[in-house]
Amino acid sequence: LHPRGNAGGSRRAARGIQHCRASALRAVQQAASLDERRHFLSHQLSPGPECVSSSTLPTNPAVRPESMSSSQKKGSKAVYYEASHPASFGGINRLARHTGRRTAEKFLEASDAYTLFRETKRPRVYRKTLSLGLRDVYQADLVEIQKIAKYNDGKRYILFVIDTFSRFLTVVPIDRKTGEEVVRALKIVFRKMGKSRRLCTDRGREFYGRLVLSFLEKNDIKLYSVNSKQKASIVERVQRTIMTRVYKYFEYARTKRLIESLPEIVKSYNFSHHRTLNARPVDVTPQNQTECFFHLFPDPGRVKIPKFRVGEHVRISKDRHALVKKYKQSFTDEVFIVDRIRLGVPNTYHLVDMVRKEPVLGSFYEAELQRVSLAENKTWIVEKILRRRQAPHLQYLVKWRGYDSSHNSWVNAKDFEQ
1 LHPRGNAGGS
11 RRAARGIQHC
21 RASALRAVQQ
31 AASLDERRHF
41 LSHQLSPGPE
51 CVSSSTLPTN
61 PAVRPESMSS
71 SQKKGSKAVY
81 YEASHPASFG
91 GINRLARHTG
101 RRTAEKFLEA
111 SDAYTLFRET
121 KRPRVYRKTL
131 SLGLRDVYQA
141 DLVEIQKIAK
151 YNDGKRYILF
161 VIDTFSRFLT
171 VVPIDRKTGE
181 EVVRALKIVF
191 RKMGKSRRLC
201 TDRGREFYGR
211 LVLSFLEKND
221 IKLYSVNSKQ
231 KASIVERVQR
241 TIMTRVYKYF
251 EYARTKRLIE
261 SLPEIVKSYN
271 FSHHRTLNAR
281 PVDVTPQNQT
291 ECFFHLFPDP
301 GRVKIPKFRV
311 GEHVRISKDR
321 HALVKKYKQS
331 FTDEVFIVDR
341 IRLGVPNTYH
351 LVDMVRKEPV
361 LGSFYEAELQ
371 RVSLAENKTW
381 IVEKILRRRQ
391 APHLQYLVKW
401 RGYDSSHNSW
411 VNAKDFEQ
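When we follow the UniProt record's numbering, the leftmost residue of the sequence shown carries the number 1, and every step to the right adds one.
Within a straight-line C-alpha distance of at most 27 Å, the following computed DSS-like cross-link-like pairs (lysine-lysine) qualify: (1) 267 to 195; (2) 378 to 399; (3) 304 to 121; (4) 384 to 399; (5) 307 to 121; (6) 378 to 73; (7) 414 to 378; (8) 128 to 222; (9) 304 to 318; (10) 231 to 328; (11) 267 to 187; (12) 106 to 121; (13) 267 to 248; (14) 155 to 187; (15) 177 to 231; (16) 121 to 328; (17) 328 to 106; (18) 307 to 106; (19) 74 to 378; (20) 222 to 192; (21) 74 to 106; (22) 128 to 195; (23) 307 to 77; (24) 177 to 256; (25) 106 to 73; (26) 328 to 384.
Just the calculated beta-carbon pair ranges, DEER-fashion: (27) 183 to 227: 23 to 29 Å; (28) 90 to 280: 48 to 54 Å; (29) 384 to 119: 27 to 33 Å; (30) 220 to 259: 28 to 34 Å; (31) 90 to 383: 25 to 31 Å; (32) 417 to 217: 53 to 59 Å; (33) 358 to 382: 21 to 27 Å; (34) 380 to 244: 44 to 50 Å; (35) 408 to 78: 32 to 38 Å.
For the record, the hints were derived by calculation from the structure and aren't laboratory data. Each residue gets a CB set at the ideal place from its N, CA and C atoms; glycine is no exception.
With the hints as constraints, model all of the structure from the sequences given.
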């Protein structure tokens, strides 16, 4: 699945996925009940048919990775690593003016100076949170208001819970971020909104504590979290909306008390028209939720050919988990292998550890990955020498730069280079 590999097969696979999606969406539109919609979606739009793995992907033996000639490599080095050259230490476009596009791409994929420091970009499109109907998926998160707690009867946090389908919101101020307080607040939420089938939160201890887990299990609610910086993105977005309105109210009323005004602000949100729903949250009912479903999840469009192939080596963007200064290293030292491709809009990739072949938590967008070409004689950087031994030749136990201690290994002294 690669534009420079088995491109014809990739396009046929993408068209096949698109045809399956269109057929499934038409079937869902004709379904009369939520259970029927759930059946169609779980079978037709589930990740399974869209995943291409190293064990299932047909290979094309005629396709071989392109390699540079020694003269191309030498010429690229003379341009890119010469500090005085106009194309030195830049991007692909600048180097391509002197070497050609394909030569520049292949050379830079093998250059640590480029693959570690390439400027990162945010994904243009993110996968949506799939909710099959009312009370299917709730998202929850806490907002801290400790600085104004003395004006609000000692309430230090606000629990936000939103139905990701109807966008109906409920908030409950609480005193402390403990299991007892969260359970009490969730009981209030479920009395107002009803119980959901699933609850999405971050991995905070306030949600994954023993009391909350026991309460959710007793009510047959599945708790889960996602492994991306967006986390519970819908509830985090509505938190910003509500708290912006709260502080605007503070400015207008010359107060810092929100206990009385917060329910009214939330009510105004629930009675506001939502473009994605084409309705107000309070107006979404079991009778019209099918119509709302197709406003929330329209035809996603064409599935693009994946940028990376199964088995290719990649680095992960550091921006995925933390903000870094743009001139500092932006991709990980550690190199991973593409294990599975999930076709969709957009495509996402599942990775495994290069050494132990252990799966990496979560999936990654194309913008979060950088392809790496590993030469057989690639030099790996040692961060620290931990021990030495003579058995039978001199060896050093080393920690590799960018890798955790589980990757520490013994290296022959003769294999070191200054």
